[in-house]
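Number of protein chains: 2
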Amino acid sequence: MNYQNLNETASGAIILKGARPLDFTQELTGERVKKYTVSGVQGWTYNYAAKPVNEEILNLLQNLSDEMSLVDKYQDLLNGEMVNTGEKRKVLHQLTRGQLGKDVVENGKNIRKFYQEQQERVYAFSDKVHSGAIKGTTGKAFDTVVQIGIGGSDLGPRAMYLALESYQKITKKTQKMKAAFISNVDPDDANLVLSGLNLETTLFILVSKSGTTQETLSNELFVKKVLLENKLDPKKHFVAVTSETSPLANNPAYLDSFYIDDYIGGRYSSTSNVGGAILTLAFGKEVFAEFLAGAHEADKSAQEKNILKNPALLDALIGVWERNALGLPMTAVLPYSQALSRFPAHLQQLDMESNGKSVNRDGKAVAYATGPVIFGEPGTNGQHSFYQHLHQGTDVVPIQFIGFDESQVAYDIDVEGSTSQTKLKANLAAQIVAFAKGSPNENPNKNFAGGRPSSLLHNKKLTPGALGALLGHFENKIMFQGYVWNINSFDQEGVQLGKILTKAVLAGGAMDGALKAYADILKI
Amino acid sequence: MNYQNLNETASGAIILKGARPLDFTQELTGERVKKYTVSGVQGWTYNYAAKPVNEEILNLLQNLSDEMSLVDKYQDLLNGEMVNTGEKRKVLHQLTRGQLGKDVVENGKNIRKFYQEQQERVYAFSDKVHSGAIKGTTGKAFDTVVQIGIGGSDLGPRAMYLALESYQKITKKTQKMKAAFISNVDPDDANLVLSGLNLETTLFILVSKSGTTQETLSNELFVKKVLLENKLDPKKHFVAVTSETSPLANNPAYLDSFYIDDYIGGRYSSTSNVGGAILTLAFGKEVFAEFLAGAHEADKSAQEKNILKNPALLDALIGVWERNALGLPMTAVLPYSQALSRFPAHLQQLDMESNGKSVNRDGKAVAYATGPVIFGEPGTNGQHSFYQHLHQGTDVVPIQFIGFDESQVAYDIDVEGSTSQTKLKANLAAQIVAFAKGSPNENPNKNFAGGRPSSLLHNKKLTPGALGALLGHFENKIMFQGYVWNINSFDQEGVQLGKILTKAVLAGGAMDGALKAYADILKI
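Order-wise, the sequence lines are chains A and B.
All letters in the first sequence, in the order written, are residues 20 to 543 by my numbering.
All letters in the second sequence, in the order written, are residues 20 to 543 by my numbering.
Any given hint could be a false lead.
A pair counts as met if it fits within one copy or between any two copies, since identical chains are not told apart.
[As the list claims (entries may be wrong)] Below, simulated DSS-like cross-link-like pairs (lysine-lysine); rule was C-alpha separation at most 25 Å, straight line: (1) 383 - 36; (2) 154 - 195; (3) 465 - 107; (4) 304 - 154; (5) 479 - 535; (6) 92 - 328; (7) 154 - 109; (8) 465 - 383; (9) 147 - 54; (10) 518 - 107; (11) 154 - 243; (12) 54 - 542; (13) 254 - 154; (14) 328 - 542.
No lab work stands behind these hints, which were simulated from the structure alone.
All chains, full assembly: derive it from the sequences and hints.
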């Protein structure tokens, strides 16, 4: 496969020369809005009318995609090539939700089948918990599930849980169990979560692929100490999600253990049992299966080579244009849906941990900017907060809006002729146009220059399937951008140095002078 | 007063010429860590050893402060000058927690006294709620309080509530009432919050200075509809925090109304009754008074002209150096305390809404970068997420760490020779040094260039007083930066255009073609 740095490609060289931002302020007509749109799966559309692109730029981006064989590289990943070059691993999270490439077999083990078996084991376990066949120490059925994990074992599953909570909790369907999360090694986190729970009826899921994550193991022991103080038997209240080779595997300290492997990166693990155990326990296997089906459809659609028919690829390439031609270092993710309140935090990890890299897949320094900083909060809340900066600050921040026709729940109220959901949508439409077109005003304080680009991912409703497809969209977008930048989007060496220095502090031995001084300040 | 643009000052011109980032990688010794530190109030210290400054740069920043009379401008604000030039308003949030300047009197009304009277009214009301003298429709005492507000009426009070929740809930002191927040016009927000409450024993605080905020009024009616459906009398479950001239003032639809005025901006209102009502109801007046005292001490200490003795001023100026000399457009805020989980979201509003401006206080375009983008999540969580980008991404992002010797609660566990709190602190010390000094490695994937600047705000424990001082630190830091950039940090015209366009959509009449097309997509 033709792995090249962006600056070594003909299209990339043009992009990296830089460009004046296209003035789409006047160009943004109703016609353009209708034309610059692409249909995705599960009801999604990606609208890029308010992005600084035109036919010429889109042609250039198509050429870049072809020249760099972006879709062929994706196909290689699906076929089980070792694309995580740093850690020498395959990248197989797509196999947790379906199969699109060849069979991936290792030591006689079909990986897709392995993931499916583990899913089925979680489904069967959840059924037993829901039916009351598996109970806690005192013989009461479990009604609450708490995930103990950090990073990818926390942010994705938490964002997905919150996204489905409104849909499940308030619609006719009954949520099977309520859920909570403990992540931070700060003991205040575990203390606060536990203080609100009935421990007798609470099941804990310990999630660590390696089985050695410091924060997670500390929180496990923290929770077990509290269970014991409450005369509850920890091994009747704990299951583990881990790899088969971890110390947590097949361990009598847990009711059961469910397995993943090294081919599923933490931040890509929401569709594995890392997300699957808690989501299935909370909402039931049917809901989780719908979620997986949505993600699988997104994976399938990302194989399209025509960028104007592949939302993930097009979104990725427009992002590259903004980052490398226009030099914009940030992107705001703004969902107009309270259910997606923590989706930006998940994307922040997914994108920044994947593409915040300075060396290419062969370990050579890259000569161009890679992944942007990602941040965001739900609208309309953000409108009353940091949007001021996005509208009138001295920097241009590209925006990714997400919006829906309908709220999660039908219950709504009509005030001054419109429902809350209609107001939410009216605000969204207004913001897109305000950012793009601006508005001249004699009062310079009230003058808006416009020219602030945004895109809109739109759907009818945030169903489990739509959520899965949304997740798949961003996972695949980020992968395509990684290919463009010729980096390895699937390792994360950036956290290692901190771990080594942390150990030095905890060992209390020979420390660098500065480290010792900071340890002293913090009274360690 | 000598209001000048940054580029019109001698020191500013030097800064704006730009500078190569100082190589403090080698310079960061234990000695430097001990030297580059300044004591604040309420136990705070601000350590800037890992910031890219040296004696020469600090001298330049002192000159800038003197040349621009930054502390004198602050004194003018305290004395009631009309520093919000756009809206022609005084800026008096400091008066909600004490008085440092002259009496501010308007139409015979002493503003400090007015704020105090309103505080006392909230205290008296809270006492009656806590004692059960004021009850709900069915005669049951209130045990829950819900704030309905958005932007500054939500983010600050919510962040402060979460910060104090662990401290109060788990220590021996009993929390008076539990609290929740409804902000988004998305009906899923109100639905989800209400679904977890016993409405009989819930008191709602409606917060809108103007009394006309669309989201807040929609949510008020939403909640009232649900109360009526539950046969509860809304006027026995609602109080308002608003201005005396708003339609919510002195209105029989509420149990009572508490007043603020136009001199308290939304994002600066946590120490007014916007924060005071819910925090006093939740934790009692003694806790809120401690919080105010901490903020007042911070205000007092910000009057020091020697930048090496004024943490807020020094923090502000180092930020200016990073923004305008080094050209860094973002800042990450990373508290190593779960209790501060939403403090970065509050700071994001406080900073970006205040200083995300492109025109100066006289309405002329500025020729330099103003306020940065702010984002952040608590550590250690962020270490397992976006820190990869901060360590090895192609952009340098300055960092503001916040850390404590002790957790909120004493309950902890010893694992492998250290408590969770000790691990938390060891991680913090390790990260500061890892970012600053990096680490060479033959494997380019594991190589860390270092040179990534950070500062540390440190305290023994996050008490109510320490929290107030921390809030005051950032409010004053942002104010000083606004003076350096010669902008008005106290208006927010950037949200107005969206409001106008939203009304156009809701009116359904003549709309710009693009707006109509987006309204069609969203099926409005």
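Hint check results:
| no. | hint | result |
| --- | --- | --- |
| 1 | 383 - 36 | within (21 Å within a copy, 32 Å between copies) |
| 2 | 154 - 195 | within (15 Å within a copy, 35 Å between copies) |
| 3 | 465 - 107 | between (54 Å within a copy, 14 Å between copies) |
| 4 | 304 - 154 | within (19 Å within a copy, 44 Å between copies) |
| 5 | 479 - 535 | between (56 Å within a copy, 18 Å between copies) |
| 6 | 92 - 328 | within (18 Å within a copy, 57 Å between copies) |
| 7 | 154 - 109 | neither (38 Å within a copy, 62 Å between copies) |
| 8 | 465 - 383 | between (47 Å within a copy, 12 Å between copies) |
| 9 | 147 - 54 | neither (51 Å within a copy, 61 Å between copies) |
| 10 | 518 - 107 | within (21 Å within a copy, 52 Å between copies) |
| 11 | 154 - 243 | within (17 Å within a copy, 41 Å between copies) |
| 12 | 54 - 542 | between (61 Å within a copy, 17 Å between copies) |
| 13 | 254 - 154 | within (11 Å within a copy, 45 Å between copies) |
| 14 | 328 - 542 | between (58 Å within a copy, 23 Å between copies) |
Hint compliance for this structure: hints 7 and 9 are not met, and every other hint is.
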